[in-house]
Amino acid sequence: ATDPDRTWPRVHATMAFLLGGRHRWNEMLFHDVHHMCPGRIGAMSQRGRFHGWEKVHDACVEILARGLWISDDAETAMDKHQRKRSMLVKSRKASTKA
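Under this note's numbering, think of the first position of the sequence shown as 243, with each following residue one higher.
It is worth saying that the hints were derived from the structure and are not from the lab.
For every residue, glycine included, the Cβ atom is placed at its ideal position computed from N, Cα and C.
Among the hints, erroneous ones may be present.
Cβ pair distances, simulated, as ranges [claimed, not checked]:
| no. | residue 1 | residue 2 | range |
| --- | --- | --- | --- |
| 1 | Ser-337 | Ile-312 | 28 to 36 Å |
| 2 | Trp-250 | Ala-307 | 18 to 26 Å |
| 3 | Leu-261 | Asp-315 | 28 to 36 Å |
| 4 | Asp-315 | Ala-255 | 36 to 44 Å |
Given only the sequences and the hints, what does the whole structure look like? Please build it.
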């Protein structure tokens, strides 16, 4: 798994431009997180306007790293892929803060 934020920066920038900002692009990227608990999260584009798109993006990555639903089933290939991607995003974030 690779970090799509690094792999496709032009796609992310283009989509953010076409949609009117990165806060709106977050809404599409993490739409499943919104449906997990819509009453608590609300519209992520609005949260991105007031808290910054990057903070909302990182919070959604954290939610996905923990998993949307708790299951006793064996971990799937997609679960492993998502966990690896989340670790890459977290390590990138930690290296930019240092």
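Of the hints given before, which are not true for this structure? Hint check: nothing fails, all pass.
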